[in-house]
Every structure is written in structure tokens, then in C-alpha cells.
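Chain H is already provided as a structure; the job is to place chain E on it using the hints.
As given, the protein sequences belong to chains H and E, one line each in that order.
Under numbering that gives the first Met the number 0, the first sequence has 173 at position 174, and the numbering climbs by one with no breaks.
Under numbering that gives the first Met the number 0, the second sequence has 197 at position 198, and the numbering climbs by one with no breaks.
Since the hints were made in silico from the structure, they are not lab data.
Mixed in with the good hints, there may be bad ones.
Looking from chain H toward chain E, a few residues come up when the C-beta cut is under 7 Å (computed) [stated by the list, open to error]:
no. : residue
1   : 31
2   : 37
3   : 39
4   : 88
5   : 91
6   : 108
7   : 115
8   : 157
Negatives, chain E to chain H, calculated, CB over 10 Å [what the hints assert, rightly or not]:
no. : residue
9   : 19
10  : 161
11  : 188
12  : 196
13  : 255
We put the beta carbon where it would ideally sit given N, CA and C, even for glycine.
Protein chains: 2
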Amino acid sequence: MATFRPGTPDQTAFLDALIERGLLIPSGVPGVYGRGAAFERVRVGVDRAVDRAAAPDGAELMRFPPLLPKRQLEALGYLKNFPHLAGTIFGFEGNELEANEQFELASRHEDWSAYQHMSDLVLLPAACYPIYPAIAARGPLARGGTTVDGGGTYVFRQEPSGDPARLQMFHQREIARLGEPDTVVEWRDAWRDRAVGLLAGLGLAPVADIASDPFFGRQGRMLAASQREQALKFEVLVHIAGPEPTAVASFNYHHDHFAATYGLTMADGGVAHTACLGFGLERITLALFCTHGFDDATWPGAVRTELGLA
Amino acid sequence: MATFRPGTPDQTAFLDALIERGLLIPSGVPGVYGRGAAFERVRVGVDRAVDRAAAPDGAELMRFPPLLPKRQLEALGYLKNFPHLAGTIFGFEGNELEANEQFELASRHEDWSAYQHMSDLVLLPAACYPIYPAIAARGPLARGGTTVDGGGTYVFRQEPSGDPARLQMFHQREIARLGEPDTVVEWRDAWRDRAVGLLAGLGLAPVADIASDPFFGRQGRMLAASQREQALKFEVLVHIAGPEPTAVASFNYHHDHFAATYGLTMADGGVAHTACLGFGLERITLALFCTHGFDDATWPGAVRTELGLA
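So here's chain H without its partners, still in its complex pose (with noise of 0.2 Å):
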């Protein structure tokens, strides 16, 4: 079983309040929680504030479910640099026989592990995964490339704690920008100033610094300091619980990563870039529940607005 990281006193206290009130509902396993309606009234709030402030952009919109062809995982290198993350999925394909066998064992709850085959699925790490080869199999990109909405998608990440900001399975509000080179920076850079805004006007704090992916063991410390480095990440942070601010949103300038896995190119000749931004909709929440309290019909005026509850 994945190591289980317990959270800092004051991210339990929190967890154990939102608990409490029935913002987060315990499933029995860490990071994995129900929503109450309260809790996703203000996550739908704040998925719309998303929806205006991406309005402008003019995204085409796709919506894709949770899972991942294990194929696309393999081909884009997830396994070199997250192999800690990644949630496969498997399945019986056995005769009654085995099926019984695994029952017996399953319910006295024992290792009924051998009767699972990995499947040609994985759970989906990253909202923006299945939008490049969607693109890619229309052909090479018109001038100005394109801009896709993947909407609020859950994605899995094996990484059971004890701080409910750092969920097992999560809503990333995904939006991808696939172009030139020049263009794809310069949307992705001017989205960092727009979500610095959004969030402003929800009431948080919120901070943009350079940033680097949780990337796997000692390679993965080079790799991280290659990304700073190359400022291919910046992050916008904003304070929930706990000593240090939380990441809430994420802006990752790709290079030719996806579009050379998938063969996107410009309808020019030219190279295609990608880049893509993600906002982490539970921790947005999760903020605003810190920040303006508990019960949302005492929040100030203009963020009930903002959010849609007024």
C-alpha cells in the first residue's frame, strides 16, 4: 500500500471541521471523501468564475472520462517521472471456478490480488492528457493553433495523507492551448496574471511564483531543477491550511512534448508547441472555506456573487 503521509496538526484540525460540518464525507480511505452540498455548491461557484474568465479564449469544449489508455501513459514517459502517482487498473478474466476462489478470499478480506490482469486502461493523471492526440488526429494546426476546454475532469493521484488538500482523486479544470511556439507562451503566461485576478477576487491571497513537478527519486531532483531553471511551470498559490501556501493552479509550458508524441504540427510546415493550465477546483474550495469560514451564507457579499450563491 501506498506510504500514507499524515497531515500537520492544524490540516487535521481543518479536515476533522469540514468533516464535521459535512463539507467532506470520510470514505474509510485518505484523500478520497464525498462532497456534501454545500462543498459542491462552491466548487461549481468557482468552476463558473473559470468558465467567465476563460471566456474570452473561445475554447472549443471536450469532456473526457477519468481513464487513460495504458498505451498513452507508456508513450509519453509518465512512468519515468511519476511512476509513484499512477493508478493502473485491473481485472478478473477468470472461469466460476477462480471467481469463487477470489470471492472466498475477498470477503474475508486476504490478498485476492492474483486473480487481477492489468487491464489496457490507467486512471487518468492529468486533465490535458487526452486532448492532445484528439487534436493531433484532425492534422497539422492552422495558423494560431487552438485553444481546448477539457472542463472540471477527476484525475488520480496515488497519494494517500492526512491534509485534505491533497486529494487521491480531484477536479483539475483543464484547459489546453496547442500553436506556435510564441503564441502557446504567451497565452500561458497571460493566464497567470488572469487566475492571480480571479482568485483575488474570490477573496484569497493569491502569490504566482516558478514552480517544478513532485518528479520521482534522484534523476528527479535534476529534473525539477531543470524545469525552475527553464521557468516551464509557475504556480499560483494561496494559503489553506497548514504551515506552507498550497498550490492552486498551474500553468506548464510543454515545448514539443506532446506535440512530437502525437505528431502535431503547424498546417505551415512549422513546429507545434503545447501548453496547458489547471486549476485544482477542491483546493480553490478548500480555500475559501478556510479563509471565509465555514458557512458560505456568511461569505462577503462580493464573493457570493463571484461564485453564483448570492
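Just chain E now, kept in the frame of chain H:
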């Protein structure tokens, strides 16, 4: 790998047309598709139509991620009835050397399953499952019980198929009723009729019928016969592509199955029973495109109004 069930010629033609028009976006794995903007607009419209039909219930809203603790799947006996449909989640727990070995195998699209270990999570097989323990945790039910609206949650079934109406991951719009046996049965029966009205209002030709679940193996055939005999399950069926009508909603009386598993009782000491209903949002959406045509702008005005498209 689970056995692929090819579609009939008209199911295959319907799927091809849905892809051609960008309503569904292929992932490379059968039964796993992205949704284009028009498909999603209609699907959300169906969800809202269920909201309106459900308003008189005054249900409490809860939302759950598409995961379930493995322990619950084990306790519920799901693996006795549907071992072939379950999806379990595995992850990596090794060191850097093992991560490199896993990565090398994966990069060549070879078998890396030996590096994956069973986690404490499975994919959610039915949207109502997380509701019962959440309500049971609050203690005994007051007179009249309670109703919970679980929203439109993604659920998983390992059954790769060429029939676009048989998805491996789809939105099950679920409402559960918990209370005295009579209360629960009346609610279930009333909803069967309400669902027929709702679907007829969308220009479909719904038919209600007694049904059974796709239980596994020879024992399963007896379970299915018993389920039919006791009329525990109703379905509402409509025409999509294919020779037979397709179930798009189901109405299930669980007797004391969930109540007994989670120790759910009535406050007066009486027995608690449960029932649930589920609308297959993608199936209803497919039926609408099949019935009214691929361009939702040309659909009958009353249908468009009902779906919030007009």
C-alpha cells in the same frame, strides 16, 4: 484483457457517425470516449431534466468521486455477482531501480504488471454504493427515512464493446431512498412511472419492464431468475441502435442488503430497507441523437426546451 464484444452492423454504423461528427472522441480503447461539445450539452440537459423531475423528493445532495474503498466492494459481495465487471486499482511501491525497470518495459509496451501492487481502492461500480455507509454513519433513520441525490457520477464496468451504448465508463445519475420497507417500495414504483413520463417528454418511446442484473456464471442465472420473480428490478427501455431496446434507467429494491451490511436501522427499532434509481445519462443522450438526428439545433422545439437548449 477482457473479451471485446463487437457491435452489430447498425451499432457500428451509429458509433462511426457519432465519431465522424465529433459527438464522441475515440481514445483507442473500445467503450472509452471523450465527449464533444454538442454531446455534453445534451447530456447536461438530460441531467437537469432529472433534477426537475426529482425536485419533489427534496433529496439531500451528495457527490462522490468514481472510487470506492476495496473493503466495501468485498463487504457488499459484489465479487460474487459481478467479478467480470469490477475494476481494481493498482500502483507502484518500489525503489528507483524498480521504477527504471518498470519504465523500460512500459516504453516497449511490454508487460510491467509485476511492478504494480493492489491498492485499497477500486473503481466505483454503482453510483449509490457510497451513499449507504455515509447515511448509516449518522445513526438510525427518523420516521419516513431519507432520500439522497448522488448526482451524475462516473461508474466503471469492464465490458469493452463496439456498441456505443455499452461504455466502460459512464455517468450514472443516481438517487437512493432509505427508510421503512413500504416507503421505499412506493418511492421506487412511483419513480418508474415518473421516468417513463420524463423520457416520453424528450420524444423517446419508453417501455417499462421487469429486469435482472448481468450476474456472473451459472449461479448467476438462478440469481437473475429469482430477482425477476421477486420484481426487485425494473428498467425503462428505449430504442438506440441495434435489434433490441436498451435499458436507460433502472429502479432497484435492495430489501435489507445495504441496510444490513452497514447496520442501518429505523429510530423506532424497525427494519430499514433501501432502493435506488439510476439514469444512464450517456444512453439517454445517444437515444436522443439516434431518434432526433445528429444536429440538436434541428430537434423538436419541445425537446429542446425540455433540455434547456432552446
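Do the hints match the structure? See the list:
no. : hint : verdict
1   : 31   : holds (5 Å)
2   : 37   : violated (9 Å)
3   : 39   : holds (5 Å)
4   : 88   : holds (5 Å)
5   : 91   : holds (5 Å)
6   : 108  : holds (6 Å)
7   : 115  : holds (5 Å)
8   : 157  : holds (4 Å)
9   : 19   : holds (12 Å)
10  : 161  : holds (15 Å)
11  : 188  : holds (27 Å)
12  : 196  : holds (26 Å)
13  : 255  : holds (18 Å)
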